[in-house]
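Student: Below are the chains, spelled out letter by letter.
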Amino acid sequence: MINAVVSPGVALFILLVFGMLWITAGYYLGRKNKTLDDHMLAGRNVGLAFASATAMATWVTSNTTMTAPQLTYQLGVWGMMGYSLGAVGLLLFAPLAGRIKKILPHGFTSGDFIRERYGVLAWRVFLIISLFYAFGWLISLGMAGGILVNALSGLSYHLGMSVILLVCTSYTLLGGLRAVIATDFVQTLIILMGVIIIAVLVINNIGFETLHTSVQESNPMLLSLLFPAAIMFLFNNLLFGVGEIFHSNVWWSRAFAFRKNIGTKAFYISGLLWLPIPIVAGFIALSAPSLGLMVPSADMVGPMVAGKILGTSGAVIVFIVIFSALASSLDSLLAATSDLITQDIYRGHINKSASDERCYRFGKYIIVALGLATWLLCLPRLTTLASLLYFTGAFVASAIWPIVFGLYFRWATGPGAVAAMLGGTVSGLFAYFNIGFYVAALVSCAVSLLLMVSISLLQKAEFKFENIAVDKGVT
Amino acid sequence: MQTRVCTVSWLVFLLTVSSSCIAEIRLSSDSDISPEGYFVLSWQSDAGRPLTLEQSQTETFNDIKTYILPAEGSITLTGFVDGNYFFRISSDVEISNTVEVLVSHHALSRAFSFFFLGLLLFFILLTAIFIGHSRVGLQND
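One line per chain: the protein sequences are A and U, in this order. Quick note: the first sequence, position 160, residue 160 per the numbering used here, numbers continuous. Quick note: the second sequence, position 84, residue 84 per the numbering used here, numbers continuous.
Quick caveat, the hints were computed from the structure, so don't treat them as lab data. Please note: incorrect hints may appear among the correct ones.
[Unchecked claim] If the Cβ cut is set under 7 Å, some of the chain U residues that face chain A in the computed set are:
| hint | residue |
| --- | --- |
| 1 | Pro50 |
| 2 | Phe114 |
| 3 | Thr127 |
| 4 | Ile129 |
[Said to hold, decoys possible] The following residues of chain A were derived to be distant from chain U, with all beta-carbon distances above 10 Å:
| hint | residue |
| --- | --- |
| 5 | Leu121 |
| 6 | Asn219 |
| 7 | Ser297 |
| 8 | Val301 |
| 9 | Gly436 |
Just so it is clear, the structure is predicted and the values come from calculations on it, not from any experiment. Cβ atoms here follow ideal geometry from the backbone N, Cα and C, with glycine treated the same way.
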């Protein structure tokens, strides 16, 4: 079915070389970790270059490199442009990162904030949403690894998925957030150079006119500016991205880990660097019709087109870029989800008197367990990447208002936040199943706003930010 | 009587054989109606020969577009405008069942309703962050 452009031997060689590189880096950097702060938050002392690189690399993921082409293939030029609006999430998180660091300089997770700001019930609802999203993202990353290897080399989906999960779990386990951030820096350089090379090769190999004529003839809706589903998708994707970043501990852990006054600048830089990447990644999908490609599953279109037009050397570059992008996100997500489970579930619910040393050890077990659980859930390839990812949109978009209003406004209340998260999620899921994946986050966000504002204002409460306990060391 | 039984048995045999030949290539779609203009066609064939997917907007396949396919798998087709689309797969000796997919995009009024709702939410979000951040900044000053 797949015309492999990278030989299985070369694919395995790349996986082994880069896998060993990341694992060695993880081991080397992990030797410096002595405390829970070191392991979970890289000593809370990350500078601007590493901070910008890790934020950008984490956001360049299977979503960007493989789902952006898929959405372009399915929703046309609006799909491509809409995907790039994911940068707005990073840009808007920039001011929030400064605020988070200011009011919670000693915080560990996004859960810490929700618990202290809204109470235990809202915290638990938030944890369910957050963990559900984390698993959705982890599965999509594992699947993307398998699809990438399969599409470019013909090696089995299961082999590619297993190797990538094993590599990322190993170095995250060995090095903690310090290794994640350091490898993210190298991975960012690889991604940026690779994307520039791919863009040049694509422009040299495909004429714009040929591409336009071919798509116009065989897939006219892809070029239509009045493509209804794509119009609906535009702001859905923006809000989905905002929801992902605002609520996820992946980004909060970075806000805590970055040095004082660094977070805001780092997120602005990373957002601007990220913006063109999905456009480049998505654009190549439009050449599938002119190349006569038989695309079995829409999420394979990116690697397949790259392999076809760029030849073996181009496909090797694509392979390395996507592998780096996957690794840079998978490691971050493993580390941040492990922190959330350790801090909010283990220490918050199961063993409240657990020492830092015990949590440090427990966190390592959790990383292994997460890697294993992700592997099991990736074994049956249940759906396409976009469908899986946007299913979680209904969940995460419901958390946007509780986070924003909770960080800045005294009138936001716990019951308002609970209703917003539950009501938003349910309505988003309803929209997902009854209209399409491209409106789930939008509907969730709208309902969540109504519930958050109306219930909070009815309660007429005034929260005192100075009472946030985690900042006083009462975790 | 015996001749009639033999004839009937022979006819039943022929029908069974011919139906199994027709069923040798099975084509299916993941949806009968597509509001997004994309859908997935899947097929299975025992033939082991290259196959041709035929696409037409008429049930009689008067004006066809073709794709060369492997013996087994699926294909994601995309970018269709509103209309009825008919698909079947042929090999040297046989033709599959016909699959019909109706592409009926969402109404533009619905699409723009969601678009403007999204735009409104985005402006509220920007305003909330701007006001919140300004107030916090003033308090700190």
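Student: Taking the hints in turn, state whether each one holds.
Tutor: Status of the hints after comparison with the structure:
no., hint, result
1, Pro50, "violated, 12 Å"
2, Phe114, "holds, 4 Å"
3, Thr127, "violated, 10 Å"
4, Ile129, "holds, 6 Å"
5, Leu121, "holds, 23 Å"
6, Asn219, "violated, 2 Å"
7, Ser297, "violated, 6 Å"
8, Val301, "violated, 8 Å"
9, Gly436, "violated, 7 Å"
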